[in-house]
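Q: So you can see what is in the structure, the chains are spelled out below.
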Amino acid sequence: MDVTMNVNGDEVTRDVEPRLLLVHFLRDELRLTGTHWGCDTSNCGACTVWIDQQPVKSCTTLAVMAGGHDVRTVEDLDPGTGLDPVQEGFMLEHGLQCGFCTPGMMMTARWLLDKNPDPDEATIRECISGNICRCTGYENIVRAVRWAANHEADATANQPEGASA
Amino acid sequence: MTVTEEAPLSPAGNPMGFGRMIRKEDARFLRGQGNYVDDVNLPGMLHGAILRSPYAHARIVSIDTSAAEAHPKVKAVITGKILETLKLAWMPTLSYDVQSVLCTDKVRFQGQEVAFVVAEDRYSARDALELIEVEYEPLPTVFDARHALDADAPIIRDDLDGRTDNKIYDWEAGDKAKCDEVFANAEVVVKQSMIYPRVHPAPLETCGSVASMDKVTGQLTVWTTTQAPHAHRTLYALVAGLPEHKIRIISPDIGGGFGNKVGIYPGYVCAVVGSILTGKPVKWMEDRSENLMSTSFARDYHMTGEIAATKDGKMLGLRVDVLADHGAFNGVAQPTKYPAGFFHLFTGSYDYPVAHCNVRAVYTNKAPGGVAYACSFRITEAAFLVERMVDCLAFELKMDPAELRMKNLLRPEQFPYTTPTGWEYDSGDYPRALKEAMRIAGYDELRREQAEKRAAGETMGIGISFFTEGVGAGPRKHMDILGLGMADGCELRIHPTGKAQLRISVQSQGQGHETTFAQIVSHELGIPPEDIEVIHGDTDNTPFGLGTYGSRSTPVSGAAAAVVARRIKDKAKIIAAAALECSVDDLEWEHGRWFVKGDHDKGQTIQESAFAAHGTLELPEGVEGHLDASVVYDPPNLTYPFGAYIAVVDVDMGTGHVKVRRFIAVDDCGPRINPMIVEGQVHGGLADGVGMALMEVMAFDENGNHLGGSFMDYLLPTSMECPSWELGETVTPSPHHPIGAKGVGESATVGSPAAIVNAVLDALQIRHAEMPLTPAVVWRAIQGNPLDRPDLAIE
Ligand code: FES
Ligand code: FES
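Protein sequence lines, in the order shown, are assigned to chains U and V.
For the first sequence, position 163 matches number 163 in the numbering used here, and the numbering has no gaps at all.
For the second sequence, position 401 matches number 1401 in the numbering used here, and the numbering has no gaps at all.
Keep in mind the hints are simulated off the structure, nothing from the lab.
Just so we're clear, the structure is a prediction, and the values are computed from it rather than from any experiment.
Take these hints with a grain of salt, some might be off.
To be verified - Reference excerpt, derived from the structure (chain U facing chain V, CB under 7 Å, subset only):
no.: 1; residue: 53
no.: 2; residue: 75
no.: 3; residue: 79
What the hints assert, rightly or not - Derived, one-sided and incomplete: chain U residues facing chain V with beta-carbon distance under 8 Å:
no.: 4; residue: 13
no.: 5; residue: 15
no.: 6; residue: 16
no.: 7; residue: 17
no.: 8; residue: 18
no.: 9; residue: 31
no.: 10; residue: 44
no.: 11; residue: 82
no.: 12; residue: 83
no.: 13; residue: 96
no.: 14; residue: 97
no.: 15; residue: 101
no.: 16; residue: 129
no.: 17; residue: 140
As the list claims (entries may be wrong) - Pairwise CB distance ranges, derived in the manner of DEER restraints:
no.: 18; chain 1: U; residue 1: 80; chain 2: V; residue 2: 1584; range: 51 to 57 Å
no.: 19; chain 1: U; residue 1: 151; chain 2: V; residue 2: 1442; range: 30 to 36 Å
no.: 20; chain 1: V; residue 1: 1636; chain 2: U; residue 2: 151; range: 46 to 52 Å
no.: 21; chain 1: V; residue 1: 1044; chain 2: U; residue 2: 12; range: 22 to 28 Å
no.: 22; chain 1: U; residue 1: 154; chain 2: V; residue 2: 1413; range: 50 to 56 Å
no.: 23; chain 1: U; residue 1: 54; chain 2: V; residue 2: 1105; range: 36 to 42 Å
no.: 24; chain 1: U; residue 1: 19; chain 2: V; residue 2: 1062; range: 52 to 58 Å
no.: 25; chain 1: U; residue 1: 42; chain 2: V; residue 2: 1788; range: 32 to 38 Å
Even for Gly, the Cβ is constructed at its ideal location relative to N, Cα and C.
Next up, chain V with everything else stripped away, as it sits in the complex (with noise of 0.2 Å):
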């Protein structure tokens, strides 16, 4: 059965296969039944609060814990001193930097942590907070990057053996001398510089966990929010010195993640530490104000972008600088080799024959992380730049944008594409995907249109992006996480009597893994899906695997499920020729049954295989009794989805209020395993984009206090601000994946900023502004002063 053609259905009217079917999930959350960390609930639990810092950067002169302790409620309460004693006090970060647990010299960002208390209930354990004198000697802050690196900007990490300044790399990619050659020479060079400013994935269950010690075991048994449940039962073991033997991670259901929940953070490790402390179960929630100014934010990408081109548009080069702001700690979570994640595709969907980029990161007093919301390890940003940089060149040559990009996008026939940067796209065929973007939205109809209202002076924009992802974090050889290789296992068991468990290393957040991967089984054995169990998000049941972010999952498990199943078939082959007494050779498969050439009505479904395999059939010489396999599927690429998105919104020159009227979205993700579910992934992404786009920015002020911690000043689109969006789709299957597919749960989020931002410049004909595009920020670029840096409460 090819993926084009329609699934037969199950008894219970599922597809076998691929196709349209409605979650199995849904039936625990739609009655509230769904199980989340704040959820779990123990005997004897005890629950704790994290003290933080006021101040930005500041010395901790002392901590007086003592009215806190008498507090009668209070069971424990730990500073950095006491997790020094456990030599805890300080935990390695993704990106082998160490970030404080709770801070023992200085706190380097408001929020950070500082003590934490274990109480009887959540209320006293905050109460006890107050409890807590801690003097603080105030220190001069940096937190605008661009003076990170000035000559009197205080040193932030003065914990690091002969650290001089705030910098934390320099990094680059593609030939800078070609590049400089090719710019030197161009009729054309446009420079813009933008800023993709700091964000916050802002999943709607903030992060927490539940750590249980048995003493008398030895076992830890974690319950978390988290989207890599092995890596952290690796780290905790490598942390904390434990037995990962007798460390169990649970993630149950999570509530969102978007990168939010990949890495380790101290409320976890604290809760680890009251619960060996206290001998009870400790539950840790952080709550919202916490999750914006501690957890890993996004992006603070400083970006100054150049294209060289000739004057009737054909693009030459692009020339990319960037200051990465990564906060007072460096935890952002991406592949060891790769400082600045995927950045690499920051020449995008377009045939630049030579590009360089130049990426500084340095350290701010600010909250660390930055590879979070979905940004599919930094090829947001990149996304971003270069589909401004675009709209850029347009607006100075005075071409339509979409022209421009026909011009310019690589050719079906480029394919496999090496990038200027080394990395090789597997399939696409551009043109078509944004021809038929332009077809949906009618795009000359609405340029029509733009100009009648123009002439009757109203305003109306249309903006374009083109993207190209790489998902599918990667290849052991090139890519790991602290070391640890990003290959992901895979289990099937087939019961006897034909009902399946399979058994993944990824974990949901919302994604549909129990449906999707029943599918991908489902399509390669003709098993119905709903005889197929799907299990993850346990450590003591399932393989290892690095978990799920960076749309990695149908790339490299979804990969994995299918592998498995294959190797199910194969065996159940030997089975049924064993059982029909023939030569495997003389079988031939059609879904779920082997049968005899020729003789279609002599065979063995996999039902009946599998029962055969449990029973007492004669095996041949070397065949094992059972219906059982498992595999570790290492990925030979990344696979390359990409999209075409056209934004359409009116804006109101009298108050600079953006309204987006519509939005199509052309995404091609290869195969759909299951439409319902890509489709939804889309739309969330969609949101994310008006969210950037529009409103979201964590901003700060001038002694680093953060501005956007709460939900009132951190704004969220609602379904007011969300038009209702209009998807297309076109299939071009990766060559390397066992079903062709790609992974699609960050693609709308890396390519609609873009779209939207260019739709807003377009109507107000102005070349660029910076995000968010909120009504203040338009209605001073219409005053034709425009601000500068919207993230900062300064000018």
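The shape of chain U in the complex, shown without the other chains (with noise of 0.2 Å):
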């Protein structure tokens, strides 16, 4: 059946077989292989991507329940003027190893900040309790999320009267 969708701002069609998860759709069919798969049982968060602006595990949602929903990847997460704030984070505060779980954790990351900007330790650490990392032992990814947090807060600090976030 024929399933559309917006990925990262473009509009897709695929002819899919009803059954199909929707990471497979992503990776294989788009050929976006930065959503990862560790579980399929919505236990890991190596599949989380965005559906409508919110996190979803994507190895237990259907690519046809995302018709008409506008999906968002790891791929979108960089502005293409630099790295998002959250990526920063990661890369200086080492919150990643093998790279596996990092889009997950990283799409629920932006997610929490979009919502809090100001989060504590117990509310990050509360927030990513769905994305399972088996490197870092989550405390550089706490610390990850604060830098983004803190990165963002000064950006908007700085930023001239009146001007839109």
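If you follow the hints, you should be able to join the two separate chains into one complex; please do so.
A: So this is what it looks like as structure tokens:
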């Protein structure tokens, strides 16, 4: 069956099997391999993408369920002008090792900061608790998110009066 | 430049040597541009899937693949019978046993590989699995190692000639007679048995490969999740009889390894056969339950320890008896001479005059493996045993566990120290590390707080562990895997403009080799690290070596990188002398440059030497042009990193829930090439410790059914279970390593579980309870009715 969705700003239509998972649609059909899968039971979060601004686990979402919606993946995080503060935070605070959890982790973190620009450590930990990382022990991921929060706060504070965020 | 001096900064702001440096590899990972095996997509590529056994032990009566073959999208169905015609139905394991690739006679564990389907897409391949009819005749199982040698236990390996039982080996180390004598006369003997349960490394990326056989050229290319690409190439050549020069193994970006990706799995072999049969590239990626049920597990050591001591706590001897569950095939990955890995290090960090251990390994109806999950070849088990035993002794003597450790730790003047099992620790200052951990923790203050809490009816625990690891396997004369010596090659090319390529034999699963190895070369040669490209994970483009596991990259390959850079430096000196028309003896080195003694302005940078080496400069007799070098590094000994860990936990006595409130880790891995990366490695290992101590276990029911086949059942620590880690360091260089570095990747996984378990038991004021200390286990222990086997769904 045909499914049409907007992925990272581009409208795509494909003929897919109804049972095709969104994670496989993104990876195999669209070759957006930044979204990973690590468990297929909604436990690890490696497959986290956004549907209409909400993080979802694409390993337990059918591609057809995303029909008519906006999907955002890690490939869209970099605004084109350099790294997103979340990406920069992960880099500067060594929030990644093998990099396998990183795309999903960053999509969750980006969502958090959009909702809550100044989360404390406990809030960050709770928010990323659906994303498993086997390498980092989470410490530097928490620091990376804090770095992004601080940096965005600075960027906003430095903006001239009246500028929109 | 010594390692403790601050390195000067490069034009890009990176340390020209050691220091915190942002990782080069991050640029691609942050943008979703990593290239993992499942990201490989070749034209015409087909997909494989494995049919697995639902039984732990059953004879295969028949396999009917006709319906699967009739599936319109299926290209091939491969069974053991077909593999038999290719002599590939069985393959050698890394421990000189054999393992079934696709089963021909009987299945020996649940999840064992029975058939392989190749189809046009992932989904069709799995659909076709459902169409294969297998008739099984279930057999009695043995899944509890304690019953593997019972007279009526079913013989699992009746494929091996003359097998009448399930024993794999008996192995011992130390002097039994001397040890027994000490025990017979000791004032105090404390005995405790404990299980280090079967756990799984569970890297976030599962295992898989893409095999592509070019029938015209005979070239086989395999992209695969391997920690040891060169060893895999040789094994494919030996197993499949393929010519080694036509095999290329590419280990692209790997999503974590932890020992899970050392060996060769049946799926890899099936993908190769699938590609040979269909003439198309074949991808096989396992799913999570396949990963947990069939690939290399870790531990499963049933240990009984005994300490002999004086009444005032001087340790006199240690005796250990181990029953090792190796599963259905002996597939442990470790140096040939050491069937129980480096369990020799069971005396740990203490001054035991005598020690003895016996390890008996058995087959059971469980998946094969055993050496994995950052265990440093069984030092994890050894460290856990000795650290638990020390706490048991402290419990019986009513001594403070820190004081007891301080009293018995090896003293700095004892190094180099030879253990009762004959291993030589290279360097260490253990009391300094323990004092540092106690200082950071505020140990005395914590004990005061604990006393107050106890008085108020609240429960907190403080647990210590001290570990010594032996990493960097290993000296060629002692250590090989399947006959391949554990030395590592390294090649360095300095291009005419002074930019460099370093080709290393080891491979990264997240450790950051592209950064640290560039820093090593930069430290030696003064070339900015951003000008040094590190090439790894591709057998066509790197020298031979045995790969990354057992924390061996820095101790072995890192040494090779330093040595190869020194060769370049020596050659640059000859070139500089020719260019400057002076004798080599007149030259002196400063970071990145040879200059004439007494005339600092007259000199040549390494970049200028590189250009001159490629130019027309007349070189002395016998000196070749260009600036390249290669070495093979054979380590003279292992390196012995160590550390002192302290965990602080709170236990909810109503629910048995344990909260790790603080964790202090002081690691000594010698000089730190990139402290940021070292700390990251430690953080990750500490989380592993939380997992093993409190959550992770591969449990089985009485029929050998695996009860941990998904992340809903096999629990991994999340950000909620992990505290904010508090790290410290001491620095004791290795005297035999070119830059003194010791390796750190596995330290925290080795050292941390005992600290957490000791803390929980300290909180409960009981001597022992089995891991994992889940709320149920803790609650039962609180009730005085401890669970004997948390790893089995029986009592
Ligand atoms: S792959 Fe989706 S949560 Fe793990
Ligand atoms: S960086 Fe490897 S799983 Fe998170």
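Q: Now tell me, hint by hint, if it's right for this structure.
A: For each hint, the structure was consulted:
no., hint, in the structure
1, 53, "violated, 19 Å"
2, 75, "holds, 5 Å"
3, 79, "violated, 12 Å"
4, 13, "violated, 19 Å"
5, 15, "violated, 13 Å"
6, 16, "violated, 11 Å"
7, 17, "holds, 7 Å"
8, 18, "violated, 11 Å"
9, 31, "holds, 7 Å"
10, 44, "holds, 6 Å"
11, 82, "violated, 11 Å"
12, 83, "holds, 7 Å"
13, 96, "holds, 6 Å"
14, 97, "holds, 4 Å"
15, 101, "holds, 5 Å"
16, 129, "holds, 5 Å"
17, 140, "holds, 6 Å"
18, U:80 to V:1584: 51 to 57 Å, "holds, 53 Å"
19, U:151 to V:1442: 30 to 36 Å, "holds, 33 Å"
20, V:1636 to U:151: 46 to 52 Å, "holds, 47 Å"
21, V:1044 to U:12: 22 to 28 Å, "holds, 23 Å"
22, U:154 to V:1413: 50 to 56 Å, "holds, 53 Å"
23, U:54 to V:1105: 36 to 42 Å, "violated, 52 Å"
24, U:19 to V:1062: 52 to 58 Å, "violated, 31 Å"
25, U:42 to V:1788: 32 to 38 Å, "holds, 34 Å"
Of the numbered hints stated above, those contradicted by the structure are hints 1, 3, 4, 5, 6, 8, 11, 23 and 24, listed in ascending order.
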